[in-house]
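Going by full-length UniProt numbering, the residue at position 143 of the sequence shown is 143; the numbering climbs one at a time, nothing skipped.
Any given hint could be a false lead.
To be verified - Here are the simulated lysine to any residue pairs, SDA-like style, with alpha carbons at most 25 Å apart:
1) Lys172 x Glu227
2) Lys172 x Thr189
3) Lys172 x Thr187
4) Lys172 x Phe224
5) Lys172 x Val192
6) Lys172 x Asp133
7) Lys172 x Thr200
8) Lys172 x Ala223
9) Lys172 x Glu147
10) Lys172 x Val149
11) Lys172 x Gly134
12) Lys172 x Gly157
13) Lys172 x Ala162
14) Lys172 x Ala201
15) Lys172 x Ala136
16) Lys172 x Asn142
17) Lys172 x Thr196
18) Lys172 x Tyr141
19) Lys172 x Asn130
20) Lys172 x Asn148
21) Lys172 x Ser144
22) Lys172 x Gly194
23) Lys172 x Asn152
24) Lys172 x Val129
25) Lys172 x Glu198
26) Lys172 x Gln131
27) Lys172 x Glu143
28) Lys172 x Thr138
29) Lys172 x Thr150
30) Lys172 x Pro145
31) Lys172 x Ser126
32) Lys172 x Thr199
33) Lys172 x Asn124
34) Lys172 x Val153
35) Lys172 x Asp193
As the list claims (entries may be wrong) - FRET-style restraints, in silico, Cβ to Cβ:
36) Thr191 x Glu86: 22 to 32 Å
37) Asp104 x Thr199: 47 to 57 Å
38) Ala115 x Ser144: 41 to 51 Å
39) Ser126 x Ser160: 23 to 33 Å
40) Glu57 x Ala93: 25 to 35 Å
Everything labelled a hint here was simulated from the structure, so no lab data went into it. No residue lacks a Cβ here, since even glycine has one placed at the ideal position from N, Cα and C.
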Amino acid sequence: MKRHNLLAAMLAVTVVLAAFAPLGAAGASATDADDGLSLAVSSEGVVTVTANESPVENATVVVSTDETESYAGTGEYLTDADGAVELPEPDEATTVTITASTDDDAVELETTLAASDDADESTNGSIDVNQSDGVAVTVTYNESPVENVTVNVSVDGDGSYADAGEYETDEKGTITLDRPAESVDVTFTATVDGETLETTATLEPADDVDDADDGPFGALVSAFVSEQRDEVDGPLGSIVSSFVVENNPGNSSDHTGPPEHAGPSDDEAESDDEDDTGDGPPDHAGSSNGGDGDDESGNGNGGGPPDHAGPP
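Make the full structure from the sequences, and use the hints.
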């Protein structure tokens with residue numbers, strides 16, 4: 001029995017040495033010549049375990065690295081009905097040791113898993129959603145807009161959106177959509193040079209955006225208050241009040257000036273001044289010219305006692 005185990009161990013070492021090679025287009029493989037258990041790793045990182053050219057289900061696959069390597073796919077796996085295990089692609093080229101075993105046999109190989117290009121490719125393209133004026137969706141690739149690319153617009157969950165469907169970008173790489181009737185999560189997908197770009201955005205109805213447009217003055221006031229706090233030690237109430245009155249965009253000169261019950265306007269007052277000859281006594285007080293006539297006739301100037309007072 002010990003002789004058999006020793007022979008198996010020697011065969012395993014032989015398999016490892018034969019299989020030690022970088023993972024290329026054809027992948028890497030190893031076979032235990034004693035029992036026909038085979039282990040293969042494809043260029044996509046798929047591990048396949050077979051015995052006598054038949055897939056081995058529930059074979060144990062252990063993936064490990066040495067102390068200088070780091071790989072998220074290390075651990076223990078069980079093969080599926082096809083005798084396969086799909087390993088995650090590493091962020092950078094990583095050398096791993098893969099061991100496949102059954103109750104009766106084991107086989108091992110060491111290979112290098114190629115780095116994933118997904119992270120680099122994902123930075124090449126993007127889908128941007130702008131809601132400042134309607135809904136504008138722009139597809140860029142290598143920092144340039146992509147014309148004539150199909151953009152799929154779909155709704156997540158139970159929501160609905162009237163503009164869901166497929167659209168083709170213009171020369172600016174953009175499609176223009178209407179706002180939804182209510183807030184909804186929408187997914188935008190496009191494929192450029194074989195790369196699938198996708199983003200999800202919450203589209204807001206027009207009313208919500210219009211209401212948001214009323215906010216900048218509030219932000220202006222907040223900024224003013226913050227600035228004054230740094231410069232003024234005392235109360236800010238009167239300062240802020242004056243600022244609001246002077247800068248509120250809702251104020252209009254059309255309704256400035258005194259209310260109607262406060263008397264005529266300046267224009268009306270000027271017109272009245274032109275008609276009046278002065279600030280003399282009221283009409284019932286008599287005419288100053290009439291008083292002068294009395295002086296000339298010897299009847300006095302109206303400054304003496306009344307007629308019914310009798311002689312002095």
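Evaluated hints:
no., hint, verdict
1, Lys172 x Glu227, "violated (41 Å)"
2, Lys172 x Thr189, "holds (17 Å)"
3, Lys172 x Thr187, "holds (20 Å)"
4, Lys172 x Phe224, "violated (39 Å)"
5, Lys172 x Val192, "holds (15 Å)"
6, Lys172 x Asp133, "holds (16 Å)"
7, Lys172 x Thr200, "holds (21 Å)"
8, Lys172 x Ala223, "violated (36 Å)"
9, Lys172 x Glu147, "holds (6 Å)"
10, Lys172 x Val149, "holds (11 Å)"
11, Lys172 x Gly134, "holds (16 Å)"
12, Lys172 x Gly157, "violated (30 Å)"
13, Lys172 x Ala162, "holds (24 Å)"
14, Lys172 x Ala201, "holds (20 Å)"
15, Lys172 x Ala136, "holds (11 Å)"
16, Lys172 x Asn142, "holds (14 Å)"
17, Lys172 x Thr196, "holds (19 Å)"
18, Lys172 x Tyr141, "holds (12 Å)"
19, Lys172 x Asn130, "holds (14 Å)"
20, Lys172 x Asn148, "holds (10 Å)"
21, Lys172 x Ser144, "holds (9 Å)"
22, Lys172 x Gly194, "holds (20 Å)"
23, Lys172 x Asn152, "holds (17 Å)"
24, Lys172 x Val129, "holds (14 Å)"
25, Lys172 x Glu198, "holds (18 Å)"
26, Lys172 x Gln131, "holds (17 Å)"
27, Lys172 x Glu143, "holds (12 Å)"
28, Lys172 x Thr138, "holds (8 Å)"
29, Lys172 x Thr150, "holds (13 Å)"
30, Lys172 x Pro145, "holds (6 Å)"
31, Lys172 x Ser126, "holds (14 Å)"
32, Lys172 x Thr199, "holds (19 Å)"
33, Lys172 x Asn124, "holds (17 Å)"
34, Lys172 x Val153, "holds (18 Å)"
35, Lys172 x Asp193, "holds (18 Å)"
36, Thr191 x Glu86: 22 to 32 Å, "holds (23 Å)"
37, Asp104 x Thr199: 47 to 57 Å, "holds (51 Å)"
38, Ala115 x Ser144: 41 to 51 Å, "violated (26 Å)"
39, Ser126 x Ser160: 23 to 33 Å, "holds (26 Å)"
40, Glu57 x Ala93: 25 to 35 Å, "holds (31 Å)"
When the structure is compared with the earlier hints, violations turn up for hints 1, 4, 8, 12, 38 and for no others.
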